[in-house]
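Visitor: Here is what each chain is made of, one letter per residue.
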Amino acid sequence: MKRGQARIIEVMLAAIVMTITLVTIMNLTTPLRSIYLRETSDLRRVAYNILNDFGDARVYENIIIKGNLTGRLWEDELILFISVNIPPQVVFNMDVYVLKIYRNGTLEWVKLNRKPISNVENWQEANIIEAESVTYTYVCVAEPDEGRGTFLKIELTLGYGG
Amino acid sequence: MHAMLEYIGITIAIIFIILIAQYSLAVFLRDTAHVREEQLYTVAERIMDKIVLTPGDPPDWGYNFTAYNGTLRDFGLAQYGTRTPYELDPDKIMRLANLTELPNPLFINGSYIAELLGLSNEYGFVLEMTPLLSHEVTVLEYYSTPGRQDDLPAVFKIKLKNYYGLDVPSANITGIYTLIKVQSGVGNIDTANIEEIFTRTNMTNLQGECILDFMNDLEGFFNNVPPGQVKKYLAILLIHTNWYGFVAVDAFTSIPENAPVKGYVVGDYIILEKDIEVLPRSAILVKDEVIQAVPEYRSLLTVVAVNLECNGTSPPSTTPACYVINRGRFRYKVYRVEYVEKLSSHMFVIAQWRGDYIIVIINRIPKVNIRYGTYYEPVNSVVLIREGHLFNYPYVVKLTIWRVTEG
Chain A
1 MKRGQARIIE VMLAAIVMTI TLVTIMNLTT PLRSIYLRET SDLRRVAYNI LNDFGDARVY
61 ENIIIKGNLT GRLWEDELIL FISVNIPPQV VFNMDVYVLK IYRNGTLEWV KLNRKPISNV
121 ENWQEANIIE AESVTYTYVC VAEPDEGRGT FLKIELTLGY GG
Chain B
1 MHAMLEYIGI TIAIIFIILI AQYSLAVFLR DTAHVREEQL YTVAERIMDK IVLTPGDPPD
61 WGYNFTAYNG TLRDFGLAQY GTRTPYELDP DKIMRLANLT ELPNPLFING SYIAELLGLS
121 NEYGFVLEMT PLLSHEVTVL EYYSTPGRQD DLPAVFKIKL KNYYGLDVPS ANITGIYTLI
181 KVQSGVGNID TANIEEIFTR TNMTNLQGEC ILDFMNDLEG FFNNVPPGQV KKYLAILLIH
241 TNWYGFVAVD AFTSIPENAP VKGYVVGDYI ILEKDIEVLP RSAILVKDEV IQAVPEYRSL
301 LTVVAVNLEC NGTSPPSTTP ACYVINRGRF RYKVYRVEYV EKLSSHMFVI AQWRGDYIIV
361 IINRIPKVNI RYGTYYEPVN SVVLIREGHL FNYPYVVKLT IWRVTEG
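Listed in order, the protein sequences are those of chains A and B. Quick note on the numbering used here: the first sequence kicks off at 1 and runs consecutively. Quick note on the numbering used here: the second sequence kicks off at 1 and runs consecutively.
Just chain B, with the same shape it has in the complex (with noise of 0.2 Å):
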């Protein structure tokens, strides 16, 4: 009877010792989970400084992807040689952009990133970028001339949105409409000028709103062309804010249906769909916005020539750059641009597409989204904001970061 006392005395023991353990352990881990908190949140902003501080090794690597190979050592988006801070490459940025559209040849992905920043299999991510400054045109009335299918946007309605979706009013916003005529020239070789600029300029209101009207521009030009001629004019609407000093800058045109008018500009090189022809003389680059600040519009618009470097579709040339993006694909057709100003927002090209001139849009101040793992609300992560700068126009990073074992 005695011994039976001793065993349940000692099982009582035995389970007393294991639900205080439990509880001593809940009570620790309460206190560390602070400290993780704060590892990650020491860890997101050694990645976040890392990402917008640093060039990456090598330094490089946003243009001159051809000596390289596609292989980095070290991952940054710092612009290589500026005293600035968050001043970002619009090359390497390009690498990270990725449109439905058409796929970027260059594209670095997530896992790779994460692999060069030291976070594979410990930690996931998403890391998003998108201009401070955004604009949505609404187009509300055509300009219809007899002699073409269809008809020039005249009337545009512009909002102005912050990366949240908030409107912003007080900004200045100026419609630059270029007027682009294509024709045949020397060796019956079709052409691309600029042949007549109009500026509009508005405030939006309370609604981030403004309306741009080049009816009447519209009308008074083409009253003096041949009915003829009509046809052979493209157009294209840069929009052009400044809100305080802080400047956007987007482009509008108008896009037949299921046309590839995406692209992509990487150092001096314009990828495109295979199937479109460039017109030999036909690049237009937008210049940089302190350019911009000069009121001769005409001047921010520079027409440059551009060379077949590989069509995509017979096997790959040996140049490096064909090599590079054409690998086992044959699916685009590379450019060479005679020049890319360096701080350059936008190019367009101007193209044909099934017997139609398009105008390709190639916005080098991309919306870009890059995940590395996934994870299921609610999870322990954290997220970083800093503002950079991409050209002079402010482009917000974003990092959002997780535990694997947390998402």
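Pulled out of the complex, with its shape left as it was, chain A reads as follows (with noise of 0.2 Å):
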């Protein structure tokens, strides 16, 4: 074999050595999770934007505090509400906390809800593709009076179904 013979078989071993470890590396590396990271931060950004809403437009009295005194389904109220204010892709759960402050001055955050307030059968088998959950802190100032001065503890979680 002449010399310059073998040189090419050189350069086209090295040509494959080097494909090979490129594209190696190419898939070894770990995927970029760009879309994960962009779209729950836009969906933290809706759900603290109609949380603060609801917190503006009294929502919160006329359907929570009120169900609760009257003893209504304000949960179903609250799924009818949150659905028509969401984008219709997106799929929510929501827990209330009220909070208890006992004659020892222990303080304890009470679950409201009596059933789960979310647009999904079952939120904890659901299959969520990308989700974000925000908390927020509520006190009750308009009507009813009973009602007045009452912590909430709103914890709202957005996301994409699968």
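Treat the hints with caution; some may be incorrect.
Stated by the list, open to error - Distance windows between CB atoms, simulated:
| no. | chain 1 | residue 1 | chain 2 | residue 2 | range |
| --- | --- | --- | --- | --- | --- |
| 1 | B | Asp151 | A | Trp109 | 51 to 61 Å |
| 2 | B | Glu115 | A | Trp109 | 27 to 37 Å |
| 3 | A | Lys100 | B | Glu341 | 42 to 52 Å |
| 4 | A | Lys100 | B | Glu219 | 51 to 61 Å |
| 5 | B | Gly118 | A | Pro87 | 25 to 35 Å |
| 6 | B | Asn64 | A | Gln124 | 52 to 62 Å |
| 7 | B | Tyr23 | A | Gly4 | 26 to 36 Å |
| 8 | A | Trp109 | B | Thr82 | 31 to 41 Å |
Hints listed in this document are in silico derivations from the structure and should not be mistaken for laboratory results. Every residue, glycine too, gets a C-beta built ideally from N, C-alpha and C.
Take the two lone chains and join them into the complex the hints point to.
Guide: Here is the structure:
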């Protein structure tokens, strides 16, 4: 074999080795999770945006406080209300807590909703692609008078269903 | 022969390297596509925040258009001086509304907004704004009276929808039916007065519908009105909706065919079609929603005076408003209103058109759709939605953005 032919074979082998190395590195590299990062960032903003709007419009007093005082199914009302206010492709789950202050000075967040506040059948088993959870606290200031000064903690999770 | 083998070998090596380079590039582009999408989201969020959270520059560009003659240095729709996020300025929103019946002379178009936001030539966008709750009004029955050519609408079906078109049940809807009488005043000048107000309240059903029936009220009222006076009455239905604290206001009136019943309020100025004649004291303001919570519905409406600023037919006046609005077109009549309540959601103007009295409804919570650039599906676009406030009414802002190169 002549020296020139040997060099060509060397070049081809070098190219093959480099290619295999490059392809292997590319496939082993951690995939960029940019979709996850960017969309949840937006979901978080949307969640705070609507929770704040509900607070401004006194929705918590009108649905949660009045519902608790009258015994009506306020959870269903809240499901409908949130569903109409968020984009259709977004799924949500909400839990509402009230701050109980006991005589010995201890504090406890007590869950108010008796059933899940969600637009999916079973939130625990739902296939959620991306989700973001926010916590929002609110002090009731409007009517009914019995509810004024009540501390509410609202945990809202928004996500995209799979 | 050996040289031939070398050439073949080199050719194969070159082809091989080109193919591998193509493959590597494809893999690289596939991965970086995610990054590019994220950048588009970042741009969209930045632009959305800028639009809804900043007032722009000059900050009073919505109503103080005469001082700047339409020249902006920065674009933003937030109410100047507010500490509440997502509080939008009605005058700035009005500058973005463009009615098909009457083009907005102070309209700020998509190209100008793109330039102000630094998006020109690189990104396209659609900016849509609409009230969270909207009403569809259907007249089911009319009240007919002798002496009138047109009957007064008396029974209404109201359908309440959200901005996606979903029906909204369990909402309290109050109809405020206002009868306005036009009569000759001092110096034989016609004036308009609010003569009577009826209210009816109902709740929307599962289809988001309810009926408001004013037939008995109208029969009772017109029994005491002489037949010759009946034709002097005009009717407006103001709809006030409360849905667990979210409020929406809308207005309805019977419209003669082809009548120019639309207009704009920007600052203290009313901009109307030049063919109509507004009565001197005939602008009716709907006060702020907070005041509307007071059950005294008559106090919701205030009659204020209007003065003609320019008539739209002669060469433009030297007053700044006329100069800016009627520049080169002479198409609009511009009136200055004695007083515009900052948070007034609607304004009704009583005017004469082709011998008839008509009511021009000016809605200060308009639907807005502004587009810059074109795209064809499918395109890599990003959609963001925020819920703002216009006055105390929830107002949805939707921004769709895409790269021009991908459109």
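Visitor: Which numbered conditions among the earlier hints are violated in the structure presented, ordered from lowest to highest?
Guide: 2
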